[in-house]
Amino acid sequence: MSLLAVHDLHARYGNAEVLHGIDFDVPAGEVTVVLGANGAGKTTILRSICAMVHTSGRIVFDGRDISGMRTDRIARLGIAHVPQGRGTFGDLTVEENLLIGGYTTSQAATTRSIERWYEFFPRLRERRTQLAAGLSGGEQQMLAIARALVPEPRLLLLDEPSLGLAPRITQEVFRALGQINEDTGTTILVVEQNAHLALEIGSSAVLVDAGRVVAQRPAAALAHDDAVRRAYLGY
Amino acid sequence: MQVFLQQVVDGLTWGALYAAFALSIVLVYRASGIVNFAQGEMAMISAFCAWQFHQWGAPLYLAIAGAMVVAFLFGALTERVLIRPLASSPNHMPLVIITLGLMLVLNSAAGWIWGVQSKEFPSIVSGPAITLGPVAMSRQSVVIVGAVVVVAALLFVLFQRTRIGLAMRAAAGNPESAKLIGVPVGSMLTIGWGLAAAIGALAASLAAPQLFLQPNMLVASLIYAFAAAVLGGLDSPVGAIVGGLCVGVAENLAGTYISWIGHDFKQAVALALILGVLLLRPEGLFGTRKVARV
Chain A
1 MSLLAVHDLH ARYGNAEVLH GIDFDVPAGE VTVVLGANGA GKTTILRSIC
51 AMVHTSGRIV FDGRDISGMR TDRIARLGIA HVPQGRGTFG DLTVEENLLI
101 GGYTTSQAAT TRSIERWYEF FPRLRERRTQ LAAGLSGGEQ QMLAIARALV
151 PEPRLLLLDE PSLGLAPRIT QEVFRALGQI NEDTGTTILV VEQNAHLALE
201 IGSSAVLVDA GRVVAQRPAA ALAHDDAVRR AYLGY
Chain B
1 MQVFLQQVVD GLTWGALYAA FALSIVLVYR ASGIVNFAQG EMAMISAFCA
51 WQFHQWGAPL YLAIAGAMVV AFLFGALTER VLIRPLASSP NHMPLVIITL
101 GLMLVLNSAA GWIWGVQSKE FPSIVSGPAI TLGPVAMSRQ SVVIVGAVVV
151 VAALLFVLFQ RTRIGLAMRA AAGNPESAKL IGVPVGSMLT IGWGLAAAIG
201 ALAASLAAPQ LFLQPNMLVA SLIYAFAAAV LGGLDSPVGA IVGGLCVGVA
251 ENLAGTYISW IGHDFKQAVA LALILGVLLL RPEGLFGTRK VARV
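Going down the list, the sequences are from chains A and B. Residues 1 to 235 in our numbering are what the first sequence lists, from first letter to last. Residues 1 to 294 in our numbering are what the second sequence lists, from first letter to last.
Hints are computed from structural coordinates only; laboratory data are not their basis. One or more hints might be untrue.
[As the list claims (entries may be wrong)] Covered stretches of chain A, as calculated for chain B (at least 3 residues, CB under 8 Å): (1) 74–86; (2) 96–104; (3) 146–157.
[Stated by the list, open to error] Chain B stretches covered by chain A per the calculated footprint, using a threshold of three residues with CB under 8 Å from any CB of chain A: (4) 102–113; (5) 175–184.
Backbone N, C-alpha and C fix where the C-beta goes; we use that ideal spot for every residue, glycine too.
Here chain B stands alone, though its shape is the one from the complex:
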């Protein structure tokens, strides 16, 4: 029982990270209707930026905040320069190829600038793990879960309680109508990409102490995040969070209790999940069902 609870708690920590990455994927999907395959590499580069700012002497939390700002600008710039020129075409394939290209470029760029050797990334908090009855949780895990809760709450307030958030939802739901009532739809999409990148930067910087800093640090996490986003529904922020937590727990439990999966084969759980959801319920748990007339 204790092992089970501990695995659930560990799963929730990782799940919170997957939820954050899944949120990035969902925000971009809602804005531009595509999955940004470079989302993980953008977050990875941002974590390197945070590390660099820290090396230059900034306190860690400021370094991470700075990296989030850089990520926001980079995300916004990506939308403007790489995505917007081709966004009006009904064929999304070129955009998907562009994000795949961006992924490769960023991955190589990180190796070129900072080298491929793993670097240590400091935790925001140190000290002994916190024990709650039978389970223990590292302080960094508490920070991760807390940060994701705060991000989710801020996004909720943004989308439900502010005018600009409402405009972003309107622009995502029906861009043409949004323009007709005076919403600058282009700017809303740019903000969506920026927010997505900033959330990714935060999550990557919080995961970095565990994963170590290197260009491929987020490859596995991103696969889980895709699974989480698909499970929750690609256009649902709530779904991304629920999906992330489910994937985190499921992955951890499968690795512990199903012996032939073990630690090394855990990613197969994510792929099985993606496949299963796409076959049985393509719109995910909370997504909108797309009706196509043919």
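Bound-form chain A, shown alone:
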């Protein structure tokens, strides 16, 4: 059962087409990894799902065609997106960031949810009254993930969560993501340069090259495919 299905997706910035008709599926409850070189169009795939670029084609979420919908409406359906660079609100406190994360759900559910993610990321509770801008890169990433999870989304999109983080912190973030997927069953679609780490929690990978999907394979199969491994995993 796929939670998200993308059919013949084209995307462009101005007149430059970046995605040339791609198809892939995101199975429900699993972690799917998008791999590809810089400039292959990975970020654009995520931005297309949330209607932040001009697209054509079909994007079906939970049996419903969401192409052409407005970004904030898509978020309301249960798609959370942690953009590249984390997208936290620097001039809001940690707690305010989490509160606004629950904009689409009730106040009571938000409070409950925030408590839960404070348990999961105790660092955020320690820093609840600080401005988000003052957090370290790793803390910001945790805040961005927690904020995205506050409304209990069904699909979590993550764009390069490792960007700008020390390797040790990156490992922590991925361990947390794996845990979240296990605990909550939230479906995750993650774009990541660090293929090795991402595949540890991913069950399948979408390989992207120059705006096209080359293949979609189970993660386990990738490690044994020499050509793919050299091209996409870099070892």
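Fit chain B to the supplied structure of chain A, relying on the hints for placement.
For chain B alone, coordinates are given in the frame of chain A:
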């Protein structure tokens, strides 16, 4: 000493008005990233509306409340119709030109509808001035200061304690992220413009008894308000209030004690202040410093 205190108190009254206009400017700046040069003319038209409602028989406070509602709708409509279509462009110049155009149109429209002769605008309260020791304060001044305090308190509650206020701050701080968590950013901007216009309507209606009602009534006040907003930091509501009070007091004291400035040259104080702040501390007292990498 008595003259000094009296000038400070008078300065605070005017400062409260400048603070209110500066708040309008700041709310719009936070929403759309531009200075709305038509903010003063929008407020002026609203004061004319209040006057008109009063002429038609509404009690003054209801007339002013009605004008605030009209102003809110007009501000919201301005954002939707004139600003939104061009807002996605990174070049803000067309928007600034649009607000300048709107300023001219509204100024002429007021003259065309109501004439250019000054009209009397009644005070909300009448009666002798209230004396506090050595200083006196007109009852209208007390109302003005009180109204601005209430507006500031309401805005504080809105932005700090309510979900929609938080959403407005998020939308202003990072529109893209706000959309991704489901905040209808467009509506937040519209509300920001509406609120700004409603605050302007209130301030203009309270200032009108002193300034008299005519199309150019707010030109000078708006220059002080710009100075106040720049001094406080264009994106800081707290800054707008502090800036407004500082400008009001500074302007009054300069006019009294620096003989060559006098009453007629007081606006130069505002311009000097704008220039000084932009040169020495462009982000103002409370604003966020913009870091640009080049």
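Quick check: the stretch 175–184 of chain B, covered by chain A? Criterion 3+ residues, Cβ under 8 Å. Since 9 is at least three, the answer is holds.
Are three or more residues of the stretch 96–104 of chain A within 8 Å, CB to CB, of chain B? Since 6 is at least three, the answer is holds.
At a Cβ distance under 8 Å, does chain B reach at least three residues of the stretch 74–86 of chain A? With 5 residues close enough to chain B, the hint holds.
Counting residues of the stretch 102–113 of chain B that have a beta-carbon nearer than 8 Å to any beta-carbon of chain A, does the count reach 3? violated (count 0)
Closer than 8 Å, Cβ to Cβ, for at least three residues: run that test on the stretch 146–157 of chain A against chain B and report holds or violated. Our answer is that it holds, as 3 residues pass the Cβ test (under 8 Å) against chain B, meeting three.
This entry does not satisfy hint 4, going by the numbered hints stated previously; all others are met.
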